[in-house]
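**Q** The residues making up each chain are set out below.
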Amino acid sequence: MNNQKDDFVIEMLNITKVFPGIKANDNITLQLRRGEIHALLGENGAGKSTLMSVLFGMYQPEEGVIKKNGEVVRINNPNDATKLNIGMVHQHFKLVEVFTVLENIILGAETTKMGFLQKQEARKKVEALIERYGLKVDLDAKVEDITVGMQQRTEILKMLYRDNEILIFDEPTAVLTPQEIDELMEIMRGFKREGKSILFITHKLNEIMAVADRVSVLRKGKYIGTVDVADTNKQELSNMMVGRPVQLQVVKEPAKPGQVVLDVQNLTIPSRLHHNNAVKNVSFQARAGEILCIAGIDGNGQSELVYGLTGLERPSSGKVLVGGDDITRASIHKRQAYLSHIPEDRHKHGLVLDFTLEQNMVLQRFREKQFEKAGFIRKAAVRSYAEKLIEKYDVRSGQGPVTMARSMSGGNQQKAIIAREIDRDKQLIVAVQPTRGLDVGAIEYIHSELVRERDEGKAILLVSLELDEVMSLSDRILVLYEGEIVGEFDPKQTTVQELGLYMAGAKRMDPSQMSVFKQEERKETKNEQ
Amino acid sequence: MNNKLSLLYRKDGTQKFLSSLIAILLGMVFGSILIAIVGLNDSDIGGKGVFDGIKLVFLGLFSTGMKDGSLTFGFNPSLFGDMLFRATPLIMTGLSVAVSQKTGLFNIGAPGQYLMGTTVSLMIALSIPASSVPPVVIWLLAFLGGILAGALWGAIPGLLKAFLNINEVLACIMTNWISAILTTWLFDVSRFSVFRGPATSAMGDPIVLNGSFKNLIESTKSAYVYMTNYNNVATAKLGLDKLFPGSQVNGGILVAILLAVVVYIVINKTTFGYQLKACGANRHAARYAGIQDKRNIVFSMAIAGGLAGAGASLYWLSGNTEFAWQTYQSLPAVGFNGIPVALLAINNPIGVIFSGVFMAMLNIIGTRLKALTAYNEYITDVIIAAIVYLSAFALVIRMWLGGRKKKKEAAPKPAEPAPVQPAAEKPVETSDPAVSEEQKGGAQA
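Residue numbers (our numbering), protein chains in the order written: chain A, 1 to 529; chain B, 1 to 445.
Be aware that a few hints might be false.
With a cut-off of at most 30 Å between alpha-carbon atoms, the simulated DSS-like pairs for lysine-lysine come out as follows [unchecked claim]:
hint, chain 1, residue 1, chain 2, residue 2
1, A, Lys348, B, Lys294
2, B, Lys294, A, Lys369
3, B, Lys370, B, Lys55
4, A, Lys142, A, Lys94
In short, the hints are calculated from the structure, not lab data.
With the hints as extra help, turn the sequences into a complete structure.
**A** Pasting the structure below:
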């Protein structure tokens, strides 16, 4: 056994993959040591997924070779990859929704006897794996009924069931809650101890610092370099990834809250998923010139709260006031005079993907006089308005205003939505996970836009699942747990750990400590006078 | 010049047009092969018959007859006129399907809407006496009645979809059969009495229409409803009969073309059309934007129904088309044929005019085959069927045509709602070429 450092289990040497019009991978070399966690870092579109698809046999590279244990191998399709014990957890899970977890795990690698499934044998093997790696799943639950985290563990079990030694994780944390991310990290460390080699594709620096041994950086299809995580820091990595110094911290002045813009009183909203109310008797206020953040683990009523404010869902009781006007029962169309809404899901709510960019830019405003004349759309006015927004907010697309929204990159789709919503210039901006799934450059831009709007006197209600974002962007934090506000914090005087305790429901603030309730009392005393 | 051509080729519209054209050509080639196989296995037809048959498939519209045992070709105005007449209802049902598709709905209810339009416009046209109301007014009332009946029939699945989220395809199939039964029942039980007026009948006698809508005068035709010209109601010819002498053509084709243009303008130029399309492309985003999605779904289906109903009115009000009703009413094929008409036109209302005319031409070719060769006209139904399959294939052909271009420029993303999107500044993404690669693979396979 020679130097352990040069014991590469997989080597991808000088890989070049060309798609018509673009070099997705340009002479990239990636060497994975046995038993290491190797992160592959790059912005969206840097070529990470293409490189992994080459390794997994979905693409054939124009140039370069792949070696396993020092020997050149040809991987023509995913089956070849499986034979070489390479397994992959895809970003979008490839599970059969109506099958049970066990059925999904054995799918394609079933043990049969005379054509009959031998589920008991498979179950024993899977249960042993669950035991060994601490992967909590319910083998008999249907995939459609389990959480995203559990679906991911199902995908991981699929790889283990096939005795894979090289595990590829493609952006595994994008869909997970902070707790699930921690669990995943622990699982990955467990694999490392067992001698498995892991390729971990991500653009999240925290996760790399937490779990990876080495990291290779790609940028625009080119190989930038490989560094030991121990010898680097987040700032250096993000500079390598983006190609210029990046502002990781949000720069902002202390907030100067003005008058109350959004006043939510005893709002209760039913849930579509279960019989309990999703939002229970919630009251709070957001002021002009502040970024108020609703923090919490996904599924604790944030979405429903936003739907209640924006009109997508009807509250069963309570009131919503914006600028003093009661809009609790107003139609979505009427509410648009009061608030801008950057929706959680940009593909479901934010954009009509099969419309052009300019059509999307006037999604709410097409009825306005400047864009409509006698029932006809003023196409020239729409075009020039779209061009103005594209220029002002630097929305990049292939063909400008007539680009199909579908063909734009995620970051620019989000920029288009933000341009549209900010330009509507309303006193309240409801921004739900405005940076979800975006790369560092785009996040930096969106944060600075939101801060600028705040400084111009808008009230901003930010709903975010990312604690980093919550801590760096907000001026005040409310924690939502099971549909109730359980704590109010000043981001300068609290820690992520403390917020985590409230988010998980382990702690709960006395209502008298929270200004949201004090204000209510004040109002009642006013009434008595 | 070359540059211009390649620009034209790369335009989306050109590609759509080419893909439909290729589907049609392949369909006709398939039909020719079929004709050859049938002919060579049939001792009555033989080699020359096969040759004639194939000639007719491609040139049937220009057939002028047969002289000394060989086919003659030239401009045949009566065939052209008949083609335009038969195209009228096809254009309307094609529009009906196309409009609903723009809103993301599949209107398979055109046959039922067409049938309701038929029933109501025939009843109005026959039961208001021409002696007391000018026939033009009766015609207009019957036309509007047909539109309204179709619109109402289309609105039912629309309402079910919007408010109860019932799949419109299922609701449409049910309303189709309800309309069939309703038509049978209405013509059976309704009674009317109209003095036919001063003009004479086909047999030259003055007539009093009485009792049932069933044609009691020509006793051999007991299952037929009176033709509307028994009440002097007939679509104006507008000089088209002079252009195409000896044919059934009338002003209806002009109305159909006009309506297609109107639909095109409404869909593409108005805020109403914008809302319809937004609801169709993404109902959630439309709702988010404050567009009333439910109302638009109902509107879309009602308009689709109205167009199918208008098609029925234009066909049956021509004056000399006879409606055969049965105790077990079948669904009119022209309603279903709206689907391939819209498919071939890729839901473009202007394109529907041409695809409707084309389908009518195939119909005419069928009659020529029957008249001039030993083939029967049903062979053209097979050709139509082949083209329907291939027009569904038109999408694949389009991808194949656009494949090279799409890979260079922005390719469409997979439709799945992805929380995380690849790619940064450039619209070309690493994962995208894969998509067009797959599509291309599909096209070749």
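**Q** Indicate, hint by hint, whether the structure satisfies it.
**A** Hint check results:
{"no.": "1", "hint": "Lys348/A <-> Lys294/B", "in the structure": "holds (17 Å)"}
{"no.": "2", "hint": "Lys294/B <-> Lys369/A", "in the structure": "holds (24 Å)"}
{"no.": "3", "hint": "Lys370/B <-> Lys55/B", "in the structure": "holds (14 Å)"}
{"no.": "4", "hint": "Lys142/A <-> Lys94/A", "in the structure": "holds (14 Å)"}
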